[in-house]
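**Q** One letter stands for each residue in the lines below.
2 protein chains.
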Amino acid sequence: MAAGYWMAGKTHETATFELFVRRLPPNRDYLVVCGLEQAIEYLCELRFDRHEIDYLKTLPQLQNAPGGFWDYLAAFRFTGDIFAVPEGTVMFAGEPLLTVRAPLIEAQIPETYLLSTIGFQTVIASKAARILNAAAGRDVVEFGCRRAHTPEAGCLAGRAAFLAGCVGTSNVAAGMRFGVPVFGTSAHSWILSFDNETLAFEKLQQLLGERTVQLIDTYDTLAGARRVAALGQPLWGIRLDSGDLLDLSREVRLILDESGLKSVKIMATNDLDETTIASLVEQGAPIDIFGVGTSLATSYDAPALSAVYKLVEIEANGIRRYAAKHSSGKRTLPGAKQVFRYPDRDVVALASETAGPGVERLLRPVIVNGEAIVDEKNIRRIQSYARRQIADYGRPGRRVELSVSLSALAASH
Amino acid sequence: MAAGYWMAGKTHETATFELFVRRLPPNRDYLVVCGLEQAIEYLCELRFDRHEIDYLKTLPQLQNAPGGFWDYLAAFRFTGDIFAVPEGTVMFAGEPLLTVRAPLIEAQIPETYLLSTIGFQTVIASKAARILNAAAGRDVVEFGCRRAHTPEAGCLAGRAAFLAGCVGTSNVAAGMRFGVPVFGTSAHSWILSFDNETLAFEKLQQLLGERTVQLIDTYDTLAGARRVAALGQPLWGIRLDSGDLLDLSREVRLILDESGLKSVKIMATNDLDETTIASLVEQGAPIDIFGVGTSLATSYDAPALSAVYKLVEIEANGIRRYAAKHSSGKRTLPGAKQVFRYPDRDVVALASETAGPGVERLLRPVIVNGEAIVDEKNIRRIQSYARRQIADYGRPGRRVELSVSLSALAASH
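Order-wise, the sequence lines are chains A and B.
Following the numbering used here, the numbering of the first sequence begins with 342 at its first residue and continues without gaps.
Following the numbering used here, the numbering of the second sequence begins with 342 at its first residue and continues without gaps.
These are computed hints drawn from the structure, not numbers from a lab.
Do not rely on the hints blindly, as some may be mistaken.
Which copy? The list can't say, so a pair holds if one copy fits it or any two copies do.
To be verified - Mimicking DSSO-like on lysine-lysine, the simulated pairs with C-alpha atoms at most 30 angstroms apart in a straight line are: (1) Lys398 - Lys718; (2) Lys603 - Lys351; (3) Lys671 - Lys718; (4) Lys606 - Lys351; (5) Lys606 - Lys671; (6) Lys603 - Lys544; (7) Lys718 - Lys603; (8) Lys398 - Lys606; (9) Lys606 - Lys544; (10) Lys398 - Lys351.
Please work from the sequences and hints to get the whole structure.
**A** What follows is the structure, encoded as structure tokens:
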């Protein structure tokens with residue numbers, strides 16, 4: 342498409358694309374937007390190197406591409422503007438999460454990358470919010486890298502889960518790259534590698550001290566709990582990873598308490614999701630912290646959003662046109678839009694419209710003329726913001742009004 | 342765990358871990374193994390740089406780690422052996438897909454990376470096989486990067502889908518990195534960026550020539566088809582992306598045929614999966630090629646495998662122990678195993694056992710003493726192999742016998 346735009350003489354046209362989600366997936370009342378940091382990095386660093394251009398030149402589809410296009414790609418920089426809602430914002434279907442205004446080719450090229458980057462992390466942050474809601478104030482740690490869709494997805498899932506309110510991740514790479522607190526316990530292989538369970542527990546305690554979390558179900562959970570209790574402090578917690586988590590957590594709590602280990606935490610894992618967690622919480626299981634893997638790091642019940650990236654305006658030679666497709670069941674609304682957030686509702690209207698005092702305009706400039714102007718990398722501050730957003734706007738039933746009409750467009754022109 | 346093993350003096354113990362899938366996900370009769378090339382690359386290149394070690398030293402969990410451990414990490418190389426089934430092999434639950442035999446720490450460190458790398462690509466290749474089965478001989482192209490779990494997952498999904506039999510991917514990066522044929526059409530934004538649809542069709546045709554694929558549903562599908570037909574050759578195909586694909590494909594086929602464009606292909610997209618494809622095929626829709634995005638690139642109905650990585654043997658000071666966990670519902674079988682493939686069944690038995698002539702031993706050495714000895718990167722050859730595997734072993738009802746018993750272990754010792 343880039344080569345085609347170039348060949349059609351459209352290098353000086355300016356386009357506006359909007360990234361939004363058509364419909365919320367099943368079991369989701371809202372989205373927690375995430376992935377902007379990676380999107381900004383990508384746009385600011387996007388280049389085509391010699392190796393890439395040489396490959397593109399071999400494609401049968403590009404045999405008619407004019408030589409000037411290759412020079413254009415070699416010098417490519419993203420020089421446009423990006424407007425986006427801050428990471429951690431609660432958003433709904435039909436609301437633009439990110440707007441790209443740039444020369445047409447520059448706006449077209451990042452489509453796939455932006456959809457995947459923002460779509461994926463938003464999927465995970467939104468799932469994390471659901472799981473945290475089920476945990477009702479108890480801690481949740483992201484444990485899913487081994488089931489994530491590539492190790493890279495695992496790292497970003499750790500980031501997205503923390504951003505939405507998890508206390509940390511088991512993914513050390515996510516800790517290093519994004520400052521997410523890392524949690525961990527030993528695996529069963531740790532226990533199995535020693536001649537007996539007590540020796541395995543002792544050796545872990547020597548390393549981890551007050552951070553020790555003992556996995557006690559390798560052979561027999563209650564026997565394991567007694568062995569851990571006999572060793573005593575230092576001990577942060579024990580982990581249950583099989584069996585009836587309700588019964589076992591109660592029995593283990595008793596064993597720990599009777600040994601004077603009241604402050605020692607019980608962590609539960611084992612294919613948990615919001616349903617099993619809600620049930621354990623409701624039944625009063627004495628579990629302090631849930632480790633959630635597969636269901637969180639893949640958003641197992643709804644692993645994708647219907648996120649799309651649609652052309653809404655195009656300007657050539659000083660003339661602006663509004664663009665919308667009319668495809669059956671997949672219509673889009675023309676014109677660059679803004680989301681106006683009122684206390685009780687959101688209104689999606691043209692970006693050029695005004696709103697009264699106290700009404701938030703959610704899309705804000707983050708890249709201007711190709712330069713990042715907002716670069717919030719303090720993930721703890723984003724987490725605080727996300728928690729407030731979920732508390733304020735994550736209740737079911739919030740209204741979203743679409744107020745884009747052709748007459749409004751005509752008036753704004 | 343690595344620091345703990347080091348501290349416990351277990352640097353000279355040798356471990357064997359097996360990677361296998363506990364249960365097949367819903368709607369899957371078999372797995373198509375994929376991801377080995379990336380696993381081998383990772384193991385051969387695995388290092389810890391200064392920046393990473395400095396970060397690890399800051400972790401509260403590692404404050405007791407002895408200084409020697411950091412020197413160990415700085416010099417870390419994977420020096421062990423890997424046995425694996427070739428990519429494209431059809432496998433079942435409970436069968437080891439990959440075996441790691443290495444010094445304990447070296448075998449433990451890659452656990453998460455291997456699970457994620459092989460698990461994810463195997464998920465996608467297995468889903469692709471299902472979709473291809475539904476397509477019953479018609480072509481399928483992978484179109485899902487925008488919904489994949491990161492752009493990196495999108496690239497690897499393109500690879501895995503091709504490996505299992507798709508004709509290509511829309512992901513140009515997967516084409517460059519892995520030699521997968523790339524397919525593409527314009528998006529609706531291409532059409533919308535021009536003053537009228539005919540002009541958009543003409544300009545695309547000028548670029549793509551005989552590779553031209555016109556997206557005809559932006560405004561009105563049948564009107565679009567007539568405009569494309571009026572332009573005539575060169576034209577490879579048209580794409581339908583909305584509406585009733587059965588009716589539209591029939592009507593569009595008529596329009597094309599009446600214009601002498603019988604060789605022009607009809608491609609269909611729009612949230613397709615194996616169910617919708619099977620239905621279109623069964624009803625005789627004249628669709629030549631299916632573009633499948635979200636459902637393929639995320640394996641939407643079953644986005645993860647219960648893949649695990651379990652310690653089965655450990656050897657210290659010349660004494661070998663067999664390891665197995667007894668956790669409720671999550672037992673493992675001890676001893677390094679081999680999968681023996683008979684024409685009618687697979688037998689999972691100890692690696693040290695023998696089998697008669699003509700029985701395949703599926704796990705083969707791919708890394709020996711840290712050096713890759715098999716490096717099949719010809720993805721077309723892997724695809725041919727996978728297609729034969731699916732034809733030969735992908736029928737429902739194949740038996741897998743587990744013949745590992747403690748007596749066999751004792752005998753093998």
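**Q** The structure should be examined with respect to each hint, and the outcome stated for every one.
**A** These are the hints, each one checked on the structure:
no., hint, in the structure
1, Lys398 - Lys718, "between (38 angstroms within a copy, 22 angstroms between copies)"
2, Lys603 - Lys351, "neither (70 angstroms within a copy, 33 angstroms between copies)"
3, Lys671 - Lys718, "neither (36 angstroms within a copy, 41 angstroms between copies)"
4, Lys606 - Lys351, "between (62 angstroms within a copy, 29 angstroms between copies)"
5, Lys606 - Lys671, "between (50 angstroms within a copy, 23 angstroms between copies)"
6, Lys603 - Lys544, "within (22 angstroms within a copy, 73 angstroms between copies)"
7, Lys718 - Lys603, "neither (37 angstroms within a copy, 56 angstroms between copies)"
8, Lys398 - Lys606, "between (59 angstroms within a copy, 25 angstroms between copies)"
9, Lys606 - Lys544, "within (19 angstroms within a copy, 66 angstroms between copies)"
10, Lys398 - Lys351, "within (21 angstroms within a copy, 53 angstroms between copies)"
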